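Novice: Chains A and B, in that order, give the protein sequences.
Numbers 1 to 463, taken from the numbering used here, label the letters of the first sequence in order.
Numbers 1 to 463, taken from the numbering used here, label the letters of the second sequence in order.
FYI, nobody ran anything at the bench for these hints, they're computed from the structure.
It is possible that some hints are incorrect.
Because identical chains share one entry, a pair is satisfied inside a single copy or across any pair of copies.
Simulated crosslink set (BS3-like; lysine-lysine; CA at most 25 angstroms straight-line) [as the list claims (entries may be wrong)]:
1. Lys272 x Lys351
2. Lys456 x Lys221
3. Lys85 x Lys25
4. Lys355 x Lys165
5. Lys157 x Lys187
6. Lys193 x Lys272
7. Lys165 x Lys187
8. Lys57 x Lys193
9. Lys225 x Lys272
10. Lys272 x Lys355
11. Lys225 x Lys13
12. Lys19 x Lys187
13. Lys57 x Lys187
14. Lys351 x Lys157
15. Lys351 x Lys225
16. Lys57 x Lys225
17. Lys19 x Lys85
18. Lys272 x Lys221
19. Lys13 x Lys355
As the structure is a computational prediction, the values presented were derived from the model and not from experiment.
2 protein chains.
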Amino acid sequence: MAQHNVSVEDTLKVLVENKKYSTVKDVLITMNPSDIASIFDELPEDQLPIMFRLLPKALAADTFVEMEPDNQEILIRGFSDTELKQVLDELYIDDAADIVEEMPANVVSRILRHVTPDRRREINEILQFPENSAGSIMTTEYVSLSADMTVSDAFQKIRDTGVDKETIYTCYVLSRFNRILGLVSAKDLMLAKDQSVTVETLMTTNVITVSTLMDQEEVAKQLSKYNFLALPVVDRDNRMVGIITFDDAMDVMEEEATEDITIMSAQTPYEKSYLRTSPWELFKHRVPWLMLLMISATFTGLIITSFENSLAQLVILTAFIPMLMDTGGNSGSQSSVTVIRAISLGELEVKDLGKVLLKEFSTALMCGLALGAVCFGKVMLIDGLLFGNLAEATTYSFPLVALVVSLTMSLTIVMAKLIGCTMPLVAKKLGFDPAVMASPFITTIVDALSLLVYLKIATAVLF
Amino acid sequence: MAQHNVSVEDTLKVLVENKKYSTVKDVLITMNPSDIASIFDELPEDQLPIMFRLLPKALAADTFVEMEPDNQEILIRGFSDTELKQVLDELYIDDAADIVEEMPANVVSRILRHVTPDRRREINEILQFPENSAGSIMTTEYVSLSADMTVSDAFQKIRDTGVDKETIYTCYVLSRFNRILGLVSAKDLMLAKDQSVTVETLMTTNVITVSTLMDQEEVAKQLSKYNFLALPVVDRDNRMVGIITFDDAMDVMEEEATEDITIMSAQTPYEKSYLRTSPWELFKHRVPWLMLLMISATFTGLIITSFENSLAQLVILTAFIPMLMDTGGNSGSQSSVTVIRAISLGELEVKDLGKVLLKEFSTALMCGLALGAVCFGKVMLIDGLLFGNLAEATTYSFPLVALVVSLTMSLTIVMAKLIGCTMPLVAKKLGFDPAVMASPFITTIVDALSLLVYLKIATAVLF
């Protein structure tokens, strides 16, 4: 695929340089909107409108939707009123609403001036819902049927109205008051042996709906759980207002996983792709967390200074601080990240804390014992050899140091795993995003605790 | 939704206790297979077969597919030959292959004995493909048409064969040698004004295909990029062998994101859900990485011991080690995790390394300067106050210590971000999974480097 695209791009480049626009057009119309959009997104600003105008109306609109917002803006600013109207008329309402959301105010007012009053109302309806809610990503274009229609009536209605609908494969049977009575799939209609039976006899009445205010992540989860092509969205009064289709759910799933991963690495999430995010924007998303975590490290500093005498007498103790801190951090993040992901996937609830603690405690015991044992061996053999002269220079027995280090290792792992698995569930309980409780925060907490344990044990055993 | 499920579960529990099985059945048949499966997965082993037998044939098969493998095994072992055959006949081929893959050998041979020779051949065909390849997740049940069929012929064929197909919404037009000539959607067929035109005149000839050996992650990415309901899979000779549908792609996307997140937190990925993974399994997936990273920390120990004299003279230097190490780790993981995700989403290629380095270097400079400045202030004000007596006890000037610490802070951040953004791309280039180069590994590398820089600067400036 990738190789294939590259060669088309190169061909197009040569054709454009030679101004063979009619050939360019012939090539473009064989292509898929997403692929055309990727090529257009790489074009210099002055070539973009020329190339875009080569596309036939419907393909132009489909390509437009797939392009990056900054390029959409360039195009809209260059469009004549007629061109703008043509593109807007071809868009699905949810895509039009997305575009309106991304554009600056003057572009938005120009867009809203050039759509029909009906579409303007529908766009505004979608825009009124909170960001990331089902209402904000739904489309109001779906096929509705009434219960007393026959299969052939239904086909006729689909034929008359279907061309503008985002999907015709799930049709909703509505009451006079727009309440959902049931659904029929196009498959049910097509496989019906008798064209004169009513929709009512074919429809499924067990319809899963989502509310306009449901979080988009939850909607995507429902859609993926039931393998549905689309989910109907209902308002507070249980009236159908729109649908969310599988392709929107896929985008949401990808977006939400990216958001989780971004938060887990101590950054506030941003919407643009990496290559389109400027260093200044990256800086703004990263620096607050780095500051916060840096300042939290004051505690570890305090702990170390309060043991200054012991550390000055036995510098070899300092040599093991990074290993203990890192292993603690890694153990904690294994547990926290696993729990965060399980919460995101809907596998874990706050009420499962007991089960989680038990599982993590058992795992931590095994990890703690294994690492403690290996750590003792490693300190005695590798570090004993490497730091040999240092050990000799002190009056303390090296095996005793190894014992202190490996004992701290085991305890740190157990603490780290228990804290790591608890914090995300606590965050969830308190209404925060569990993803915040990933490696960076857990590490900061575990660092302080492991240092405290280490230096307490060391001073107790060695001095 | 969740609340709704809970109450149904409770109702069912009471009904089962009172042996009101016919009511249980009436309740179950109003429900969705996924929801029934979640309830069945929580049943005690002895109740499961009783409840399962209440379901009508088609619903039973759909529910079976959604259940956990260990419960599927319990059911299969309890099935009579007739029951087994009934369930197997209702399954789609890709689901049957998935189940065969999960079961122990004796169950597999029993399954294969009870399917028709045709289905056995198809299952074996899917099983021969490598794990996570397009071939291993495809289904061989799709609607194929020939180019000279009219729209009404096509409808007839769909009506005759469609009931067993995973989707009838995308139909593939094949040559006599099973090569893809084009595709028509059910929408095209339903909206066709004239039933006597041929499929050839309606079909799209620009068909995106994937090969049997393509990685499932890549397939899911293609499907999501083009918003397709299904993608056709072709073999080495370009003959169509199956399709992959959007619902499989959604599962793959979720699975792959989970896998990335698991690897990024230093664990080998596992397939079962968290609550179904035993502590012993968790231990096996976690301990090798903890060991490896613990042993790698030997380097940081070595660096510290080689500066033993300086550290013994000026213990306050030790107090800042955790803060420097943690900030380095956090900065590095911000960059590495962002790059890893962008690679996963297909936004970044190895060839973009230059762009990435430039962006991260600019961001790192800003972060480095900001944190360096704040760090100087924090050390002077907060730490100066907290560690005051320690500073006074030494002969070195406290502002000079603060300068050394904040200078190291700035340098560490720049190093960490450059290493963090480079390593995932290097891993990708070398054919490793970029996700390995997340926080844990980056932290280990950055720790050693930042310690080295810190102690070098400290000894140069302070002694």
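Novice: Classify it for me, Lys57 with Lys193: is the Cα-Cα distance of at most 25 angstroms met within a copy, between copies, both or neither?
Specialist: between (38 angstroms within a copy, 21 angstroms between copies)
Novice: Between copies, within a copy, both or neither: which fits Lys351 and Lys157 at Cα up to 25 angstroms?
Specialist: neither (49 angstroms within a copy, 52 angstroms between copies)
Novice: Between copies, within a copy, both or neither: which fits Lys13 and Lys355 at Cα up to 25 angstroms?
Specialist: For Lys13 and Lys355, the Cα distance is within 25 angstroms only across copies (22 angstroms; inside one copy 60 angstroms).
Novice: Have a look at Lys225 and Lys13 and pick one of within, between, both or neither, based on CA distance no larger than 25 angstroms.
Specialist: between (44 angstroms within a copy, 23 angstroms between copies)
Novice: Treating 25 angstroms as the Cα threshold, decide for Lys272 and Lys355: within, between, both or neither.
Specialist: For Lys272 and Lys355, the Cα distance is within 25 angstroms only across copies (16 angstroms; inside one copy 38 angstroms).
Novice: First find the shortest C-alpha distance between Lys225 and Lys272 inside one copy, then the shortest across copies, and answer within, between, both or neither for a cut-off of 25 angstroms.
Specialist: Only across copies: Lys225 and Lys272 sit 16 angstroms apart there, 28 angstroms inside one copy, limit 25 angstroms.
Novice: Since the copies are identical, ignore which copy is meant and state whether Lys165 and Lys187 lie within 25 angstroms (CA to CA) inside a copy, between copies, both or neither.
Specialist: both (17 angstroms within a copy, 10 angstroms between copies)
Novice: Measure nothing new, just compare the shortest in-copy and cross-copy C-alpha distances for Lys85 and Lys25 to 25 angstroms and report within, between, both or neither.
Specialist: within (22 angstroms within a copy, 55 angstroms between copies)
Novice: Checking an output row: Lys193 and Lys272, CA cutoff 25 angstroms. Within, between, both or neither?
Specialist: neither (50 angstroms within a copy, 43 angstroms between copies)
Novice: Tell me, please, which holds for Lys272 and Lys221 at an alpha-carbon limit of 25 angstroms: within, between, both or neither?
Specialist: Answer is both; intra-copy 23 angstroms and inter-copy 18 angstroms each pass.
Novice: Have a look at Lys19 and Lys187 and pick one of within, between, both or neither, based on CA distance no larger than 25 angstroms.
Specialist: Intra 47 angstroms, inter 37 angstroms, cutoff 25 angstroms: neither.
Novice: As a check of your reading, is Lys456 near Lys221 (CA-CA no more than 25 angstroms) within one copy, between copies, both or neither?
Specialist: neither (47 angstroms within a copy, 52 angstroms between copies)
This entry does not satisfy hints 2, 4, 6, 12, 14 and 17, going by the numbered hints stated previously.
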